Each structure stands twice: as C-alpha cells, then as structure tokens.
Amino acid sequence: MITFKDLVVDVEGKRIINEFNLKVSSGELHVIMGPNGSGKSTIANTIAGHPRYSIKSGDIVYKKELINELSPEERAAMGIFLSLQYPVSIPGVKNIYFLKAAVNSIRKIKNQDEIDTIDFLKMVRGILPLVGLDESFLHRSVNEGFSGGEKKRNEILQMLVLQPDLSVLDETDSGLDIDALKIIAEGIKNYRNDSRSFIIITHYHRMLDFLDPDYIHILIDGKIKLSGGPELAHKLEEKGYSWVREMQNI
Amino acid sequence: MVAVQAFRFNNIMSKDTINKRLDKKYEFGFTTDIEQETLPPGLNEDVIKVISNKKDEPEWLLNWRLNAFKKWKKMSEPSWAKVNYPKINYQEISYFSSPKKKKLKSLDEVDPEILRTYEKLGIPLQEQKMLAGVAVDAVFDSVSIATTFKDDLAKAGVIFCSFSEAVKNHPDLVKKYLGSVVPHTDNFFAALNAAVFSDGSFVYIPKDTKCPMELSTYFRINALNTGQFERTLIIADKGSDVSYLEGCTAPMRDENQLHAAVVELIALDNANIKYSTVQNWYPGDENGKGGIYNFVTKRGLCKGKDSKISWTQVETGSAITWKYPSVILRGDRSIGEFYSVALSNNYQQADTGTKMIHIGNNTKSTIISKGISAGHGQQTYRGEVKIMKNADNARNYSQCDSMLIGDNCGAHTFPYIDVKNKSAQMEHEATTSSIGEEQLFYCAQRGIGEEEAISLIVNGFCRDVFKELPMEFAMEAQQLMEVSLEGSVG
Ligand SMILES: Nc1ncnc2c1ncn2[C@@H]1O[C@H](COP(=O)(O)OP(=O)(O)O)[C@@H](O)[C@H]1O
Ligand SMILES: [Mg+2]
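Here the protein sequences line up with chains V and C, keeping their order.
Mapped onto this note's numbering, the consecutive letters of the first sequence carry residue numbers 3 to 252.
Mapped onto this note's numbering, the consecutive letters of the second sequence carry residue numbers 13 to 502.
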C-alpha cells in the first residue's frame, strides 16, 4: 500500500525525520508509538502532503506511485486520509456541508459526477450511529465548540464517509473516555478489511487491544528504533521509552 | 466578476448556465449601443434647470434642487473616510443622460438593444412575472424604461414607480417625505444628489398592508462619464410591511464613474421595512484601474412606535465604497438592524458601517458586520451608536468581524459609542481572523482545493448575514463571494 524509503523531512529548516523506512501492505494495521516530539505527527502530515513539511530526500511510494510531489487534495483523492491530532474548526460551515464538499471534490478529481444528495444523506445517516453521534451534529459548524471527544469522532465520521484506502490516525484515541474509545475502536475495526490499511499513532495500548494490530514501531528522534508485535505496546507502557533507549544504547 | 442579476432566477437556470456565467471575469463589462441623450459635462444652475425642466418638475422641486446646489457649492468633499482616490472634477461629469426613445406602453415597444442588455444581465424581462413573482422597476441609466407588475401592486394599493412618476402622480407624498430623513444639506454627496438626481424608485405601502411581493430595482450605469444620482424614497404607512431588494452591476470601462445615491426610508407605527442590497458595481481591474466610486447615503427613520427597519447589504463591487446605512430610532420600541458583508479584493477600498441613533424609549439595535479583505484590499468598519438623553432602556448589540486573506490587505474598525442615558445596555464584540494554513490544509486533506476552501471558509464567516437575506438573494450572494474572491490567493 505505502512504502517509505530513507525518508528525510525538515520542518522550517530543522531536521525532524531522518532515514525513515517502513512498508505497510494492504490490510495491515501498523502502529507508531514514540515520545513527544519524536516526529510522529511529522510523518502523518508528510504522508498527507502538508506544505510546511518538506521532503529533503527519500521516497514515499503509495499504490506503486511516487507521491512526494503530489498536492494534499490529489493524495486525498487517491485514498489517503489523515485524522488530525488537532482538528481545525471552520466557523459557520455546517458539518454536513463540509462533508458533502469533501465527497464531491474528491469525486471531481476522479472525474466522477457529484453525489446525489438523497443518497449522500442516507449514507451519512447510516454512519452516524457507528460513531455514536446524532443528526443534530451534522448541522453544527465544523469542529466549532466541539469537545475533544466530539472532534475525534468527527474525524472518524469523515473517514467512514470518504472511505479511504490508507487511514493515518494521529492520536485519535487521546483524550477519549473509555466509552468513546470503544465506539471509535469499533468504528475502525468494522471499517478494516483486506484492502484497507492503517497507520495509527498512539501513546496507549488501550485502543490497540480492540484492534489487533500487525506491527508496532517505536519512533525516536525521527527514526524507527524498534519494531515488533502487539506485545510491544504493553511492554512500552510498562517500561517507558527509556527502556528502548537503553536497549539501543542511545 | 459576475453581477448578481445573473442569478436572480437561478431557480429556473440550470447549474451549467450558472457555471458558465461564473466562468466569466466581469461578464457585464459591455456597453449598450443605443442613442443616448446626454447633457454636456459641467454643473451649474442652468444644468439643474434643464434636468428639472426635462422632467417637467413642479417649481417647489426645482427650488429644492437649486437650494441644495447653493449649499453644496459651500461644502467640501469629506476626507475623514479611509479611502484614497484622485480628486474628482465635478465639472467634467455629465449630469443627465437618457435613452432617446421613451414613454413606452409595453415591452414590445422597448428598444431591442435594451432588451438584449437585460438578457445579458440575466433578467428575462418578459418572463419576470411568470418566473419569480418579483416586481421590477428597471432603471436603465437614469430613466425608467419599463415597470411591471403594476396591476398586482395596484390592487393592494401599493405604489411602486419611478421617482419622476411619483413627482407627477403623488406630489403630496413626495413633498411631505422627500428630504425628511436625509436633508438636502446632509452631507456633500447627499447635497450633490439633491441638486442633480435623475431618477430612482418610489414606494408607498398603505396602512395595514403587507406588500404582496418583494420589490426590486436594478440600477445600471451605462452612459460614458455620466454620474449616477439615484434617489429612492420608501414610505411604509402604519402597520404595513415591505421587503425591497436592490442589486446592481456596471459595464467595464477605464474611467472612474461616480455614483452618489440617496435612499430614504420611513416607517410609521408598527411598520416594517426590510431593505436588502447586493452591490456589485465594477470594482476596477487587478491593478486598481477603473471602477466605480460609490458614495451613498442611506438612512431610515423609525418614525412610529414599534416600527422596524432592517438593512442587509452584500458589498462586493466598486473601487471605492463610502456607505453607512443608518437608522434613526425615534418611535418607542422601534428596532434598527444592520447586517453587512463587505469584501475588498485587488485594490478595492471600502469604508462602510452604520449609525444607530436611539431617541425613543426601549429602542433596540443590532449591528452585524463582516469585512473581508484580500489582495491589496482595504476594509474599514465605521459605526456609531448614539443613545440620546431621553432614550430610556435602549439596547445595542454590535459585532464586527474582519477576515484577512493574504498579507497585503488591511482591516480597520472604528466603533464610536456615544451614550447619554445611563439605562442603556451596550454590547460590543470584535474579532479579526485570517484564513490559516491549517484550515486550508484541513480542507485540502479532505480533497477540497484552495479556491473552494477559501470560498467555503468565507461563506461560513458570512453566514450570520447571508441568512438575513431574502431567499433568492442568499444563494446568489454565496456565488458572488466565490467569484469575487477568484485569484485572491496563489
Ligand atoms: N510547525 C513547526 N515548526 C517548527 N517545529 C516544529 C513544527 N512542527 C513540529 N515541529 C518540531 O518537530 C518535532 C517533532 O514534532 P511532532 O512531529 O509534532 O512530534 P510528535 O507528534 O511525535 O509529538 C518537535 O521537535 C517539534 O517541536
Ligand atoms: Mg503529535
């Protein structure tokens, strides 16, 4: 699905990601953990093509295509979705309107006709219960005055509506109570299938316990220092990152 | 840029047609080639006499004009607004122009060229009645050519006609109210208008009558170098209700064109006037060349108790806008409202806002102003809320929000407050925001490209004002914002 080859990324002249290598195949769920400031969000934003993150060298190959130079909207149209760590609010723009604009923009890039409004509403109404939200939510302004949990649910709602092939979820589980966490994990789990891949950034094993991840990677100073199976998440929460550092002599 | 008229009847226009219209930069930058009768440039008493004479005006009106002219000569052009433009030579302007053929009984007699103009503007005049149920008093240049829907309105007792007709047919009403809200000496531009006004619209809604349809007037500047001096007078008698729409477009040309209109509204006891404007005069090109100077005086008087006047404006056009639709709240419990969206792109300058003057008891005013600056645009909100000594329990709520797009534009806010009565309750909020990289990235990540994202964000920003517009205006206002913002980034 996506392969990173010796990726080096600078943010405002500062080297953040240094020789990052990773391969995520179709149907796989990879987890990236790592201390604050290690570059997790930088990886996420770089995948999505955020203009402030500049790739100095290395390749990102997605669905066999080099996407280093593609615009964020082109990547979105290719099925890349990023759930932001801090979703942005857009005052005065109704959630439902935003969702429809997103769906239609992507369809336009793919030379498809606009979605039928009735079909669209039907689809969205079907998804709302999966993220534990009611219809009134659609008529509120995008992320404006949303609680932390509502913002994260909204991201997952968008994911389920846009139906991406690669979903990058940046700390989507942070700040959620246990019920919300379950709902979101359930939503992700149901969405998962053999042709869809996930990169999940998190600090906790809580959500991972629901999700049955394939690999856990530990990012330190912009580089994957350790990879392993799901047990790594537990070990990490128990022992902390110093354990990885000691093990790696860094 | 596209004029709003194109969308007036968008309920019957296919989306393709709309898109085609939107594709054009300023589609209505054309001049209609019909013979015009135009006075040579220059302003003096003789010119005013000619104008008055051409219109067969009574002597009192001529004297009123001459009096205004005398005062105007002693006045100087206001310089306090935050706008810059080369000095206007008022002797280089021609003060009257009218298409030669006039006084037509039906549309069939109208010059086909003019009808074609209307078609280009998206106003299928012949179909209007059937289409939208909107009565249109179309002002072509300075003279009314055609008025429709007269019958339906007449049945309700509503008078909706050109100003000149009103002077002829309803002299008592005109004499009683003309200049009663905006005196002929009110300000430099209002005095100029009083001296030379060419035509405009007149509305009278009788007692306890709800006007059976929305009233609209289209203005259009067409004659080269001819200033437009429209004058509108709307009187809502006791217990009546009217919604009036005004929208405009102008042809592309290089010379700056002066537009100094006056609008007076009078609401008697329990009357309700809603006045909505979508203003899209030619704003000049990307380099600030050309464009309309729009110096307008608009004021409403809530004369009776429990009356209400509401101004809603969407100002996207003109090189320079100088405009402060105001309400004098004289009647007890009267209500004044001002909802405004103003956009300055490229080198446009807008200095706009409102005045709410509370005189009666328990009067209430609301001000919601949204200013958007892009390119090198400059945007000033200038508002005054005045609570007079005897106005007990007056309330005002003001909200002035500015949005900046890019680094070369500016937004300025000057809210003046003058409270002479301690019982007043005042609330003021102001924000300035810019469209952030993070917002744009968020949209882009969801597939929404930059131009669409900006229009989405801006339309969201304007929502509180757009929702005050009558239905048919609201849609086109959104489209208009989109088109007006084209090329504002990147
Ligand atoms: N916009 C930015 N400007 C400057 N430095 C940044 C910016 N964004 C991130 N950084 C820096 O990059 C490093 C990695 O940040 P980030 O990817 O957000 O880490 P994580 O998500 O792992 O906590 C940090 O040192 C952070 O300060
Ligand atoms: Mg982060």
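Certain hints may be false.
Below, computed lysine-lysine pairings styled on BS3-like, alpha-carbon distance capped at 30 Å [stated by the list, open to error]:
no.	chain 1	residue 1	chain 2	residue 2
1	C	K301	C	K250
2	C	K398	C	K301
3	C	K187	C	K67
4	C	K398	V	K153
5	C	K188	C	K219
6	V	K102	C	K219
7	V	K25	V	K227
8	C	K167	V	K96
9	V	K184	V	K58
10	C	K222	V	K110
11	V	K124	C	K66
What the hints contain is simulated information worked out from the structure, not anything from laboratory work.
Owing to the predicted nature of the structure, the values given are computational and were not obtained by experimental measurement.
Index of numbered hints that the structure contradicts, given in increasing order: Violated hints: 1, 2, 4, 6, 8, 9, 10 and 11; rest satisfied.
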